[in-house]
Amino acid sequence: GNSVTQMEGPVTLSEEAFLTINCTYTATGYPSLFWYVQYPGEGLQLLLKATKADDKGSNKGFEATYRKETTSFHLEKGSVQVSDSAVYFCALSDSGRAGSYQLTFGKGTKLSVIP
Amino acid sequence: NAGVTQTPKFRVLKTGQSMTLLCAQDMNHEYMYWYRQDPGMGLRLIHYSVGEGTTAKGEVPDGYNVSRLKKQNFLLGLESAAPSQTSVYFCASSGGVHLSNQPQHFGDGTRLSIL
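Chain order of the listed sequences is A and B. Numbering-wise, our numbering comes out as the position in the first sequence, counting from 1, plus 98. Numbering-wise, our numbering comes out as the position in the second sequence, counting from 1, plus 7.
These are computed hints drawn from the structure, not numbers from a lab. Among these hints, one or two may not hold up.
When the alpha-carbon atoms are kept at most 16 Å apart in a straight line, the in silico EDC-like pairs for lysine to aspartate or glutamate are as follows [said to hold, decoys possible]: (1) A/K150 / A/E140; (2) A/K158 / A/E114; (3) A/K208 / B/E86; (4) B/K16 / A/E140; (5) A/K158 / A/D182; (6) A/K205 / B/D45; (7) B/K21 / B/E66; (8) A/K205 / B/E66; (9) A/K205 / A/E113.
The shape of chain B in the complex, shown without the other chains (with noise of 0.2 Å):
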């Protein structure tokens, strides 16, 4: 069972570089979200989507740009890499009947070190 998958699992940037982190899932589930997790912060939330071809701002969007054109898949953007968003992504879904009480499934993320 493949659940969510994210690639790619680790990757160094240099200032300014852009890149595309990706998110599958396989569950048909209509929710998705970016999170990142920083010592002592917990988890904060990028940005999300409620289903294909939207997307909305979390708590810490600035700097990130997403894109859900097909349900199974979640693409989080840097286009000017800074040192600031050096952290580990993780990428996590949902769906079902009673959303308020479903659980979100997470990747097993991507380390990322801005140089």
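Okay, chain A solo, but in the shape it has when bound (with noise of 0.2 Å):
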């Protein structure tokens, strides 16, 4: 079956630090890769996306890389800000069951960014 994992939290870093948040997956097939971001008290929303090997998806400053060969989909930031601060998902879609597209979920990284 499908699975994610990423790295274990709670992460704390000062404001400008570099931010590299680690993620590989176990697919059968062609999965699409997810950041999904969750700001404290809020539902998920998505970060960033990559379809194929090799895409990079971007958003807010935050970049990941498809890497087919290492089966991974890590998230970097060069300057994060206090506002960064929030609990990050990896995740995979394929389309599973009956065509269901569900999405498998990394347990989540805790991301504390102090001033």
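Dock chain one against chain two, each of which comes alone in its own frame, and use the hints as you go.
This is the structure:
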């Protein structure tokens, strides 16, 4: 079956530090990959996505590249801000049973950025 | 833009009571999903629907029932609540031409406590 493994947190960084959150996956076929962000008390929001090998997703200064050879989709940001404090989820989507396009999530990584 | 709306936002139940969580989406999406989020577990799929009048089991369906009588609504029911069902519940929807790479849109969640 499909699975997503992401680095466990919590991660605490100072403002303007470099961020990497590792994500690796196991899947049959050719999944699409996503990063979602969850701010306190809110639902998940799509941060970025990549749909095929070597695609780079980017948004709000965050980037992640779909690496098929290493089955990875690491999230990076060059300079984090306090407002980036949130929980980040890596996820994959494939057609699943009956074309359900279910998402398989990692367990989430909590990021805290301190001034 | 409403997107995905969940009601109620909070609820406390006693063991054995029943309740229904309502999810409504205004994006004309075909696919709808119910997840539960527990600390350290990420999001786990309870049930999903690939269209009006259809439902299917996800990863953790026991103790829950769902109905999709109208395309825009997806109801999650607990017939006899148990403390193990204390969780935050998220509804999501997705749609579009290329479903495999379409993101899911999430509601803000329902925080449910079973005493």
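Here is how each hint holds up against the structure:
1. A/K150 / A/E140: With a Cα-Cα distance of about 29 Å, the restraint between A/K150 and A/E140 is violated, given a limit of 16 Å.
2. A/K158 / A/E114: Within the cut-off at roughly 14 Å; holds.
3. A/K208 / B/E86: Violated, at about 33 Å.
4. B/K16 / A/E140: Cα-Cα ~11 Å, so holds.
5. A/K158 / A/D182: 10 Å, holds
6. A/K205 / B/D45: Given that 16 Å is the threshold and the Cα spacing comes to 9 Å, the pair holds.
7. B/K21 / B/E66: 25 Å, violated
8. A/K205 / B/E66: 15 Å, holds
9. A/K205 / A/E113: Status violated; Cα separation ~24 Å.
In terms of the numbered hints stated before, the structure departs from hints 1, 3, 7 and 9, listed from lowest to highest.
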